[in-house]
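Taken in sequence, the protein lines are chains A and B. FYI, this note's numbering numbers position 175 of the first sequence as 175, with every residue one higher than the one before it. Residues are numbered in this note's numbering as their position in the second sequence, beginning at 1, plus a constant of 1000.
Please keep in mind that the hints were generated in silico from the structure rather than gathered at the bench. If you're wondering where the values come from, they're calculated on a predicted model, not measured in any experiment. Where hints are given, some of them may not hold.
Listed below are the simulated SDA-like cross-link pairs for lysine to any residue, each with C-alpha atoms no more than 25 Å apart in a straight line [to be verified]:
#  : chain 1 : residue 1 : chain 2 : residue 2
1  : A       : 40        : B       : 1035
2  : A       : 40        : A       : 16
3  : B       : 1052      : A       : 50
4  : B       : 1052      : A       : 46
5  : A       : 40        : B       : 1036
6  : B       : 1052      : A       : 55
7  : A       : 40        : B       : 1037
8  : B       : 1052      : B       : 1014
9  : A       : 172       : A       : 69
10 : B       : 1052      : A       : 16
11 : A       : 172       : A       : 53
12 : B       : 1052      : B       : 1086
13 : B       : 1052      : A       : 53
14 : B       : 1052      : A       : 17
15 : A       : 40        : B       : 1032
16 : A       : 214       : A       : 57
17 : A       : 144       : A       : 160
18 : A       : 40        : B       : 1047
Some residues of chain B that are not near chain A, with every Cβ distance over 10 Å (derived) [what the hints assert, rightly or not]:
#  : residue
19 : 1001
20 : 1014
21 : 1017
22 : 1029
23 : 1034
24 : 1035
25 : 1086
26 : 1089
27 : 1094
28 : 1097
29 : 1098
30 : 1100
31 : 1107
32 : 1109
33 : 1110
For every residue, glycine included, the Cβ atom is placed at its ideal position computed from N, Cα and C.
Below are the chains, spelled out letter by letter.
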Amino acid sequence: MTGAGWSYVEAAAGLLGAMEREVVLGDLAESEDGAWRGLKDVLGLAARRHLELWANWRPWAASFGLALPASLFLMGCSVATSRGFDGLLDGPVTVSLLGIALSKILLLICWAWMAGFAVGAISRQTLWASALACCAPCLFCLSKWPGDWVSTSRLLWFLAPALWGVWRGRQKARLGLEFALFLAATAMLVPMMLDIGGWYGLGLLWPGWFLVAKARRMSEPT
Amino acid sequence: MLGEFEYLILSAAANLGDEAYGAAMRSAIETTAGRACSLGALYTTLDRLEAKGLVDTWMGEPTQQRGGRARRMVRVTGEGSRAAREFYDAVTRISRGTAWADGRAGDLPGDPA
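So that you can see chain A by itself, here it is in the shape it has in the complex (with noise of 0.2 Å):
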C-alpha cells in the first residue's frame, strides 16, 4: 500500500470508525487490489454505515425536529434579546429596565445551550447534518433580509451558547437530575418573557423534557 492513490485511501478511511479502519485497510493490504478499488470499497463502506445511522428516530429528530425549527425560533429570540439592549442604549438606564435585558439574554442563552446540548447529545455522529438544518434557515432570512453587520449580528446571538451546548453535548451525552429541570422549566420561560413563538416556542420544548427524562432514567437505581 504506497503511492499516492493509497494516500487517498487512507485518508477516506478516516471516515470509518478506529478498529473498522484497521481491518478495512488491513484487508485491503492483504488483497492487492488497486488503490481505485480500494477507495471504492472504503467510500462505499463509509456511506453504508453512514446511511444505517438514518434508519434511527435520533438524527431526523436533532436535525428537522430540533435544528430547523430551534433556529429560526432562536433567531426571533435574539432580535428579541436585542431590542430589549436598544431600550438601554436609546434611554436612561433604569435598575428594572437592565435587569429585563439581562433576564432575556440569560433566558435566551439557557434555551439556545439545551437545544445545542440536545441536538450533540442525541446524533453525534450526525452533527453535520444538524449543522445544515440549523444554517438553511439563517441564510434563507440573511439572503431574504440583508442588512448591515449590526442587524446580522442581531439574528445570530444564539449561535455561541448553542454551539457551547453542542459541544458539551457531543462530550457528556446527560445532564444532572437537577440541571436538566431548571433548563427545561427555564426554557418555558422564553416564549412568555419575549413573547415570541406562542405555541410554536412551546412545541419546542420537547428537548427539554427529553433531557429531563434522560437524566431521570439514568439516575434511578438499577
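Chain A is fixed; fit chain B onto it per the hints.
Frame of chain A, contents of chain B only:
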C-alpha cells in the same frame, strides 16, 4: 430465511473455517461464486448476521502481510449453520425439475431456440 448474499457469506466462512476473515471471504466469494463483493457489502452483511446470532466475530492478531493490522475473524454459529441448511434445502427443492438443475443443455427457458 436468509438472503442470497447472506448465504454466500455463511458458506464462505464455513468453508474457510479458522481462516475466515474479511479479505479471505471476499476472495472466496469472488472466485467461487463469480460475483463482485465490496467490503462495504461484506461488513454490513456480517454485522447483520452477527446481530441475528448467525455468526460470531472478533478481532484477530495483526499480521505482517497486512502491514501489522488486525483481522476481523468470523465463525458460523450453530444457528447460522441451521439457517444456511434451511436456505440450501429450499433452493434445492425449488430447483428440482428445472432445466438448469437437471443439466439439460440447450433446453433453458428463455433461450433462443
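Going down the list of hints, with the structure as the test:
{"no.": "1", "hint": "40(A) to 1035(B)", "result": "16 Å, holds"}
{"no.": "2", "hint": "40(A) to 16(A)", "result": "13 Å, holds"}
{"no.": "3", "hint": "1052(B) to 50(A)", "result": "21 Å, holds"}
{"no.": "4", "hint": "1052(B) to 46(A)", "result": "22 Å, holds"}
{"no.": "5", "hint": "40(A) to 1036(B)", "result": "13 Å, holds"}
{"no.": "6", "hint": "1052(B) to 55(A)", "result": "17 Å, holds"}
{"no.": "7", "hint": "40(A) to 1037(B)", "result": "12 Å, holds"}
{"no.": "8", "hint": "1052(B) to 1014(B)", "result": "17 Å, holds"}
{"no.": "9", "hint": "172(A) to 69(A)", "result": "24 Å, holds"}
{"no.": "10", "hint": "1052(B) to 16(A)", "result": "23 Å, holds"}
{"no.": "11", "hint": "172(A) to 53(A)", "result": "20 Å, holds"}
{"no.": "12", "hint": "1052(B) to 1086(B)", "result": "15 Å, holds"}
{"no.": "13", "hint": "1052(B) to 53(A)", "result": "18 Å, holds"}
{"no.": "14", "hint": "1052(B) to 17(A)", "result": "22 Å, holds"}
{"no.": "15", "hint": "40(A) to 1032(B)", "result": "22 Å, holds"}
{"no.": "16", "hint": "214(A) to 57(A)", "result": "16 Å, holds"}
{"no.": "17", "hint": "144(A) to 160(A)", "result": "23 Å, holds"}
{"no.": "18", "hint": "40(A) to 1047(B)", "result": "20 Å, holds"}
{"no.": "19", "hint": "1001", "result": "21 Å, holds"}
{"no.": "20", "hint": "1014", "result": "19 Å, holds"}
{"no.": "21", "hint": "1017", "result": "18 Å, holds"}
{"no.": "22", "hint": "1029", "result": "12 Å, holds"}
{"no.": "23", "hint": "1034", "result": "17 Å, holds"}
{"no.": "24", "hint": "1035", "result": "15 Å, holds"}
{"no.": "25", "hint": "1086", "result": "26 Å, holds"}
{"no.": "26", "hint": "1089", "result": "31 Å, holds"}
{"no.": "27", "hint": "1094", "result": "30 Å, holds"}
{"no.": "28", "hint": "1097", "result": "38 Å, holds"}
{"no.": "29", "hint": "1098", "result": "34 Å, holds"}
{"no.": "30", "hint": "1100", "result": "31 Å, holds"}
{"no.": "31", "hint": "1107", "result": "38 Å, holds"}
{"no.": "32", "hint": "1109", "result": "35 Å, holds"}
{"no.": "33", "hint": "1110", "result": "32 Å, holds"}
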